[in-house]
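There are 2 protein chains.
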Amino acid sequence: MNVYRYEENPLVSPGDVTAHRDDFEVIGAFNAGITEYNGEVIMLLRVAERPISNDPAIVKAPVLDPETGELTVMELNKEDPAFDFSDPRTISRAGNPDSFVYLTSLSYLRIARSIDGRHFTIDDQPFIFPSNELESFGIEDPRITKIEDTYYIYYSAVSPVGVGESLVSTKDWEHIEHMGMIFAPENKDVLIFPEKINGKYFALHRPVPKSTGAPEIWIAESDNLRYWGNHKYLIGLREGMWDNGRIGGGAVPIKTEAGWLELYHGASSDNRYCMGAVLLDLNNPAKVLARSEKPILEPEAEYEVNGFFGNVVFSCGALVEGDVVKMYYGAADDSMACAELSLKEILNSLTCEKGVKIPGLIN
Amino acid sequence: MNVYRYEENPLVSPGDVTAHRDDFEVIGAFNAGITEYNGEVIMLLRVAERPISNDPAIVKAPVLDPETGELTVMELNKEDPAFDFSDPRTISRAGNPDSFVYLTSLSYLRIARSIDGRHFTIDDQPFIFPSNELESFGIEDPRITKIEDTYYIYYSAVSPVGVGESLVSTKDWEHIEHMGMIFAPENKDVLIFPEKINGKYFALHRPVPKSTGAPEIWIAESDNLRYWGNHKYLIGLREGMWDNGRIGGGAVPIKTEAGWLELYHGASSDNRYCMGAVLLDLNNPAKVLARSEKPILEPEAEYEVNGFFGNVVFSCGALVEGDVVKMYYGAADDSMACAELSLKEILNSLTCEKGVKIPGLIN
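Line by line, the protein sequences are chains A and B.
End of the first sequence = 378 in the working numbering, gap-free, step of one.
End of the second sequence = 378 in the working numbering, gap-free, step of one.
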């Protein structure tokens with residue numbers, strides 16, 4: 016796979032972003048949704064900020080009070096045996112490291128704008144800040160689907176009661192309408208298709224079940240984008256492969272002659288995040304046609320390998336111009352980068368499902 | 016709380032049900048949905064069957080092949096160190112007892128009918144049998160909501176990819192229409208309200224999040240019963256109380272002058288399942304008015320304390336006649352029982368939320 020990483024990478028780094036208040040510091044500007052508006056590329060950054068701490072014995076955890084809209088900063092002692100501080104992103108109860116009780120940072124969404132798609136100017140203020148009880152730990156990993164004149168923005172809403180996916184919409188990138196939580200916990204990595212298919216809207220989503228099952232990709236349908244159902248299992252983990260740990264949708268599905276092309280992320284069981292692709296039937300996106308045996312993008316550049324959480328490439332959006340896929344992606348859970356790939360080359364790299372033949376696809 | 020348990024309890028036991036094939040045995044006839052049709056009480060039993068095993072060293076696990084509709088019986092050696100057989104209901108991978116890879120029985124839905132609500136005749140054949148890839152481990156714990164002339168039946172659909180909630184409908188208790196999975200994994204204990212409220216359908220549901228949060232009760236809305244959204248957190252676990260382990264909706268919400276009365280189950284952290292009640296605002300069921308400090312029904316009778324999984328009372332449906340609530344419930348995860356309670360007494364036993372005053376309620 017020929018991958019052209021921009022010379023300007025990383026395009027946005029935490030140092031480029033001013034914290035929204037003086038006693039916080041920006042530790043991540045990553046996993047941005049991507050779209051175009053008024054001739055500009057809009058990069059809707061997930062900005063992660065943490066309370067500045069001068070005492071290494073204290074870990075701080077920011078929590079929104081949904082009643083007042085104010086942030087409360089919890090202070091926990093690193094020596095407190097009741098908690099586990101081994102993951103820099105989360106605070107867990109001792110003995111239960113897979114489930115967190117606090118996050119060490121709070122994420123919100125902020126706009127960066129660019130004429131050329133390489134040089135970005137970051138807005139002074141947050142665009143969407145956590146605002147209700149389902150967002151008290153922050154909002155993360157936005158995606159943007161434009162349908163007619165409306166931009167639908169959806170993101171992980173994180174709070175002590177779970178991680179679900181919420182939807183807002185905007186027409187002018189100034190005013191937003193909240194449309195509620197569209198996928199109940201535990202769910203993230205939702206991708207709404209950019210047009211109706213056979214009269215229905217479709218979305219990929221990624222439940223994280225507890226009693227049985229794994230973090231895998233499902234598909235649902237809707238007739239109004241607010242309410243979703245007819246949930247079906249779409250693709251799963253693959254033992255021994257690059258996506259054997261967890262998978263989830265990445266960019267908004269791209270319509271091609273061969274089918275809907277979804278650029279998705281897969282993590283190995285040792286948490287190396289790559290991007291791959293899956294091709295879905297144009298008329299029935301619940302039908303899988305072909306899938307990447309190997310990643311189309313792997314963490315290799317310095318800014319992808321090293322960072323807040325290294326060995327991660329994680330796309331939440333791409334722009335397509337002819338054969339060129341400009342895949343924007345979060346690198347190492349702290350900054351934003353972009354790589355160009357050939358749409359044809361991605362399609363030709365896929366391996367068809369048993370019994371499927373697609374004219375023009377080699378495998 | 017005055018509780019009148021029927022003298023005939025348990026009303027249905029596993030021994031009353033013939034297995035659907037000779038090489039299986041019925042181990043449970045419990046957690047039934049309840050409704051009335053053509054002058055009869057319909058008890059839609061969850062029947063759990065397991066393959067008969069003559070070799071105590073072998074544990075069998077039934078799995079539906081969704082392609083053929085046939086059951087495959089897996090045979091696992093009890094000495095196999097790769098698996099954990101400590102829970103009689105499930106088979107887990109060693110070292111991961113909280114997540115199962117097989118069930119030891121397969122559940123399906125079967126009708127029992129009664130004129131007096133006490134003496135039931137069980138149909139010869141299953142009414143709804145697992146029929147697709149999301150049901151390959153079985154279907155469980157049905158509830159029934161009648162809206163106009165249609166009975167909506169919804170149940171936990173269990174498969175290796177997770178436990179979600181699926182919906183079917185019937186008008187005549189002979190033909191059913193499948194309406195797809197309405198709540199994605201992990202979710203169960205869905206309760207659809209029996210009428211629209213301010214133009215929307217509502218349902219309680221019970222996600223089981225993994226990364227953060229607990230098995231607690233949420234509420235969602237819909238305009239067609241197939242697609243659901245605007246998910247909101249409703250009520251949670253209460254530390255130190257009878258419902259500090261897991262909670263979930265029980266019977267279809269009962270409309271009263273004081274509000275929507277939901278009879279829900281709560282389990283303590285040591286897995287003792289009781290029934291309690293919560294009262295929701297008539298016009299806005301996302302608003303909690305009052306809740307039980309103490310259970311309204313606790314496992315006390317012999318058939319509730321001892322059984323396949325003892326110390327469980329678990330209602331999936333009730334019939335209301337004037338002030339009498341006939342609460343049907345699964346006992347000890349193997350049989351069905353019924354108890355009558357006074358609606359007024361339940362309402363008067365509730366403790367109002369801070370700031371809420373309800374005329375006629377004492378607390």
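One should not assume that every hint holds.
A pair counts as met if it fits within one copy or between any two copies, since identical chains are not told apart.
As the list claims (entries may be wrong) - In silico SDA-like links for lysine to any residue, alpha-carbon gap of 25 Å or less:
{"no.": "1", "residue 1": "Lys247", "residue 2": "Glu272"}
{"no.": "2", "residue 1": "Lys270", "residue 2": "Ser101"}
{"no.": "3", "residue 1": "Lys211", "residue 2": "His193"}
{"no.": "4", "residue 1": "Lys215", "residue 2": "Asp238"}
{"no.": "5", "residue 1": "Lys247", "residue 2": "Thr87"}
{"no.": "6", "residue 1": "Lys186", "residue 2": "Ser284"}
{"no.": "7", "residue 1": "Lys369", "residue 2": "Phe100"}
{"no.": "8", "residue 1": "Lys161", "residue 2": "Lys211"}
{"no.": "9", "residue 1": "Lys247", "residue 2": "Thr83"}
{"no.": "10", "residue 1": "Lys309", "residue 2": "Asp139"}
{"no.": "11", "residue 1": "Lys186", "residue 2": "Gly260"}
Rather than coming from a laboratory, the hints here were simulated on the basis of the structure.
Note that this is a predicted model, so its numbers are computed, not measured.
Verification of the hints:
1. For the identical chains of this complex, Lys247 and Glu272 are intra-copy neighbours only, at 24 Å inside a copy versus 40 Å across copies, given an alpha-carbon limit of 25 Å.
2. Proximity of Lys270 and Ser101 under a CA criterion of 25 Å is satisfied in neither setting, with 42 Å inside one chain copy and 49 Å between copies.
3. For the identical chains of this complex, Lys211 and His193 are neighbours both inside a copy (21 Å) and across copies (23 Å), given an alpha-carbon limit of 25 Å.
4. Both within a single protomer and between protomers do Lys215 and Asp238 lie at most 25 Å apart by alpha-carbon distance, with minima of 5 Å and 15 Å respectively.
5. Taking CA atoms no more than 25 Å apart as the test, Lys247 paired with Thr87 passes between copies only; the shortest distance there is 23 Å, against 39 Å inside one copy.
6. Taking the shortest Cα distances, Lys186 and Ser284 never come within 25 Å of each other, neither inside one copy (40 Å) nor across copies (48 Å).
7. Taking the shortest alpha-carbon separations for Lys369 and Phe100, neither the intra-copy value of 46 Å nor the inter-copy value of 36 Å comes in at or below 25 Å.
8. Taking the shortest alpha-carbon separations for Lys161 and Lys211, only the intra-copy value of 12 Å comes in at or below 25 Å, while the best inter-copy value is 32 Å.
9. With identical chains, the CA atoms of Lys247 and Thr83 are at most 25 Å apart between copies only, with a shortest distance of 19 Å across copies and 39 Å within one.
10. Taking the shortest Cα distances, Lys309 and Asp139 never come within 25 Å of each other, neither inside one copy (40 Å) nor across copies (52 Å).
11. Proximity of Lys186 to Gly260 under the C-alpha cut-off of 25 Å is found in neither arrangement, the shortest distances being 37 Å within a copy and 44 Å between copies.
Of the numbered hints given earlier, the model fails hints 2, 6, 7, 10, 11; all others are met.
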